[in-house]
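**Q** These are the residues of each chain, in order.
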Amino acid sequence: MSSGRQYGLLFVLPAIIVLALLVVYPLAYTGLLSVTDDQGHYVGAANYAAVIGARVTTTAVWNTVYYVGASIVLQIVLGTLAGVLLNQRFRGRAFVRSLTVIPWVIPGIVAATTWAWMFHTEFGIINYMLASAHVIDAPVGWLTGRNTVMPALIAINAWKLFPFVAVMVLAGLQAVPNELYESARIDGAGFWQEVRHVMLPQLRPVLTAITLLLVIWGLNAITIIYTITRGGPANRTLITPIEIFRYAFEQFQFNQAAALSVLFFAVTVGFVAAYIKLFATTAEPGVR
Amino acid sequence: MSWQRNVVLAGATSLLITIAGSVAVAGEIVWWTPNWGEARAKELATKFEAGNPSITIKLEVTVANGLPAKVATALRSGSPPDLIEVQHGWVPEYAQAGLVLPLDDVLRDKDDYFPAALDYVTWNGKVWAIPYRIETHAVIYNKGAFKAAGLDPDKPPQTWSDLVAAAKKLTGKTADGKDQYGFAITGGGEFGNTIFRTLPFIWMNGGSIISDDMKKATVNQPAAVEAVKFYTDFLANKLSPPSTLQNDGIANRQLFIAGTVAMYQSGQFDIDSIRKGNPNIDIGVAMIPHPDGKETAAIVGGWSFVIPKDAKNPDETKKFIRFLAEPDNMGFFTDTFPARKSAMNLPRFQDPILANFKAMLPYGRKTPPAKNWQQITQAYFDGLQSIMLGDASPQEAMDAAAEQIAPLLH
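Keeping their order, the protein sequence lines are chains A and B. Here the working numbering is used: position 153 in the first sequence is 153, and no number is missing along the way. Residues are numbered in the working numbering as their position in the second sequence, beginning at 1, plus a constant of 288.
Looking at chain A on its own, in the form it has when it is part of the complex (with noise of 0.2 Å):
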């Protein structure tokens, strides 16, 4: 049992080397970075102090907590919406399942050059349409506006990932037993009454999975923001992955990049360990 036991760890040996060399390495190597300079001398927590510093830094974390939140809210309540019509029987329902999911499905790149496109002040759509309504009057600068840009960046990734949860809520419905609905319906249970009672309940633990993904991938998803705005204007819609990536790919300060990878890998790392030991932990199907 033991030699099998040994033999089995073998087999996995090269799989674990090779998951090693890509994760643990350069997590290493930013660690390393963010404390030497561009020489590669030793120079403690002086990058640290710098992007912390930076006034910044802090913009960019309430941009990001603003961004992040608002999108999953929103991602959430549309996805969870529609997965629960996309579950209803109707004419058509294969047709319109395959629509929803098309804006997940679009490269991001390519979603946010149109949605920048389509906002433009001056050429673009959706001040056409508003205008041709009569329901503006002069052109709104829904990018270049201080209380507009972020609402609407907001608005393209929660129109970019609901569709995702809309399938993981799908998917999560056809395991809801029939029989729930049918003692439901025995005790005089509506339509909402179902939703709420039966639904929701049954749909926690993939909500909870889902919410999970979605603030990670929120937390690193720079495309539509740096694609549309590139942080601007006046860092109104920088988030902490931009700052990073302005720090390495238009600074060329690579150290303080890692430096502010560091922390910002710390705080992610602290805030899913958190929410797992929160939420994931109760949240085991059919126990209440």
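Hints should not be assumed to be uniformly reliable.
Unchecked claim - Just the calculated beta-carbon pair ranges, DEER-fashion: (1) B:Arg563 x A:Pro103: 37 to 45 Å; (2) B:Asn633 x A:Trp117: 39 to 47 Å; (3) A:Trp117 x B:Ala327: 28 to 36 Å; (4) A:Tyr128 x B:Lys517: 31 to 39 Å.
Keep in mind that the hints were calculated from the coordinates and are not lab data. Note that beta-carbon positions come from the ideal geometry of N, C-alpha and C, so glycine has one too.
Position chain B relative to chain A; hints supplied.
**A** Frame of chain A; chain B shown alone:
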């Protein structure tokens, strides 16, 4: 034990494949060239190969978007190409980090080069790149719009007050009821666009972003703030389109082609696109207006050849650069103007529309070779955007920028 042998064998094979993949062929020059010059690059490579049968040239085409990051990554990767085309302004940074080879032994006829271009790529007494293309901005304007507004299309504005007066006359509804804006400034896109357009105004007003010794932020001094106010006022006074905060150079060109904009700053590379986009526009080119009694200014832009420190075939590449830097080849290859004065006599540079772009060249200056120039100009650009958003006055915004720039100077 045969599985162990297999594992070792597989590992060794994959290692061999990896090594084989990264080993360069002797006598092969890998050349990263931007897409706009691809056809000309191919022609020159073929010509060179014909005279040097032992050397082959492998072209790898790059695009402008994200190129600085791509080059910086390649230079640090340990296996870069042999020859890269980069903008002059990027070179000091590479030289200071020891990422490229000095090219003093490649440079010939030093006096034939425009001094500003060589100045750019010189650091610590050595030349780190061979410039081949130089250019500056000028003001491109629509002669038809000038006539319609009662302005003389052959007498474009020369001073700042002329420019504002002309922009006011050119702003309003056109005969066919479309909105027209007099002078489009940039405020969005990649921030280099806006640095290129604003910094000359600061310079010609006697100001700067950082002091000449690169130790002090000077962007909040009166001369600089006045220029920043002059620039951003075009948006505040609605002489530049409402979309200014999302417009870069290309967006302004589109707006000019669409007839929404009557004047904007750009380089000669825009002329062809405008002619293709809207052949009805009668294009005028003016020197960039200056404050009363002062001289105009511009940033010298353009491209240079560098050889990465880790290049596999530096000797062959040096030979190839000498060939590319011959006046005829340089004059053929450049998109705008050549970096050598003797190449300027070629027929393609005698088009009258280029006259004022050429006239701007002597006023061209280089940007300071400060180590943190990107971060410095990012802070300055953030300040400009906050003025355009209406969040801060020019003085407040530049004070904030100076405060962020100070720790970046050491």
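**Q** Name the hints, by number, that the structure is in violation of.
**A** none
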